[in-house]
Amino acid sequence: MSEHTLQAGLFDLIGYMLTSARGLVDEPRLYGPFRLVDGVSRLCTLLEQEASPHRDFFAGLREKIDEGKFSVMTDEKAFIALLDDAVLEYTKKRVED
Amino acid sequence: MELKKAIFERRSIRQFTDADITPEELEMLVHAGIWAPTAGNIQPWLFFCVTGPEQIHNIQVLSPGMLGNPTALVCVCSDLNRAFEKAGEGGKTLALFDCAMASQNIMLRAHDLGIGSCVVRSFNQAAVRTILKAPSHVQPELIIMLGRPARVPNPPKRNEDVLFWEEYTEEGEGK
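In order, the protein sequence lines correspond to chains A and B. So our numbering is basically just the index in the first sequence, starting at one, shifted up by 7. So our numbering is basically just the index in the second sequence, starting at one, shifted up by 7.
Check before you lean on any hint, since a few could be wrong.
Claimed, not checked - With the Cβ distance kept under 7 angstroms, some of the chain A side facing chain B (calculated, not the full set): (1) GLY22; (2) TYR23; (3) SER27; (4) GLY30; (5) ARG42; (6) HIS61; (7) SER78; (8) ASP82.
Claimed, not checked - Computed list of lysine to aspartate or glutamate pairs in DMTMM-like fashion (alpha-carbon distance at most 25 angstroms, straight line): (9) LYS84/A x GLU167/B; (10) LYS84/A x ASP168/B; (11) LYS84/A x GLU103/A; (12) LYS99/B x GLU34/A.
Hints in this document: simulated from the structure, not taken from any laboratory. Yeah, the Cβ is synthetic: ideal placement off N, Cα and C, and Gly gets one too.
Given these sequences and hints, build the entire structure.
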């Protein structure tokens with residue numbers, strides 16, 4: 008990914024984070040964790056296109072989040088389990104590295 | 008399409024193919040919207056059809072609830088001047104109801120035409136108004152994402168225990 012594309016992607020992410028922050032003042036409680044984990048997915052999308060030894064990890068984490076994140080609307084327990092799983096996966100990666 | 012089929016088979020679609028929605032189709036959708044019920048025949052709505060990829064992207068960046076890859080949007084807005092002129096302070100609430108009913112018409116008509124839709128309220132109204140270059144009395148209320156469905160989700164569970172006959176009873180609540 009070119010520096011320009013990365014900058015553009017991060018600029019988009021700022022828009023997402025700012026409007027999420029304002030929106031969450033008035034939105035359902037579970038939208039908060041949803042926006043955060045969706046933000047992680049968006050960040051992974053940018054990072055997995057960078058030359059990095061962690062590319063596969065970023066791609067795997069994004070896929071896991073994107074597959075399960077909509078459970079927030081239908082199955083709260085499954086959504087929380089997804090968050091737990093993602094945290095554990097990230098932690099294992101940190102310990103391994 | 009039979010109305011019953013449209014009501015019960017419509018789903019919130021977030022994954023779309025690259026196929027475009029034509030201007031003619033968008034006009035048909037808006038036409039369905041303007042035939043929704045409207046308090047006092049105020050018709051306090053305005054419909055912005057957006058098909059340009061850059062304009063869609065700009066709106067999407069400022070709309071955290073807009074997840075997926077729509078190829079067109081209908082931004083359903085209330086005209087607050089018209090609502091206030093016709094119905095005073097209460098006009099704003101009536102306009103919101105009317106925009107919601109118009110949106111449902113649009114989504115059912117979209118399903119009828121084989122177009123997927125998903126209604127979004129999680130967006131920043133001031134930001135979207137700015138992107139649309141709309142004046143301050145035009146209030147974006149709902150955004151309807153549109154596109155050819157690439158994936159149709161399974162129907163979520165519905166709570167059927169919400170019906171009361173004649174009067175409220177404790178026994179009938181939240182069964």
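Review point. Minimum Cβ distance from HIS61/A to chain B below 7 angstroms?
Key: Since the shortest Cβ distance to chain B is 25 angstroms, the answer is violated.
Point to revise | Given pair status - ASP168/B, LYS84/A, alpha carbons within 25 angstroms | key: holds, 22 angstroms
**Study point:** Evaluation of the interface hint that places GLY22/A against chain B, nearest CB under 7 angstroms
**Key:** The hint holds - GLY22/A has a Cβ within 7 angstroms of chain B, the shortest such distance being about 4 angstroms.
**Study point:** Hinted pair LYS84/A and GLU167/B, Cα distance within 25 angstroms
**Key:** Roughly 21 angstroms between the alpha carbons, so the hint for LYS84/A and GLU167/B holds.
Point to revise | Restraint satisfaction for SER78/A [CB to CB of chain B, less than 7 angstroms] | key: violated, 10 angstroms
Exercise for review: Take a quick look at whether LYS84/A and GLU103/A sit within 25 angstroms of each other, Cα to Cα.
Suggested key: violated, 28 angstroms
Check your understanding: Regarding the hint that GLY30/A lies at the interface with chain B, is the smallest CB-CB distance below 7 angstroms?
Key -> holds, 5 angstroms
Review point. Is LYS99/B close enough to GLU34/A, meaning Cα to Cα at most 25 angstroms?
Key: With Cα atoms ~20 angstroms apart, LYS99/B and GLU34/A stay inside 25 angstroms; holds.
Exercise for review: So, ARG42/A near chain B? Judge it on the closest CB pair being under 7 angstroms.
Suggested key: This hint holds: ARG42/A lies near chain B, its Cβ roughly 6 angstroms from the closest one there, short of 7 angstroms.
**Study point:** Restraint check, 7 angstroms cut-off on beta carbons, for SER27/A near chain B
**Key:** holds, 4 angstroms
Review point. Hint check: is the beta carbon of ASP82/A less than 7 angstroms from a beta carbon of chain B?
Key: violated, 9 angstroms
Check your understanding: Going by Cβ atoms only, is TYR23/A closer than 7 angstroms to chain B?
Key -> holds, 6 angstroms
In this structure, the earlier hints numbered 6, 7, 8 and 11 are contradicted, and the remaining ones agree with it.
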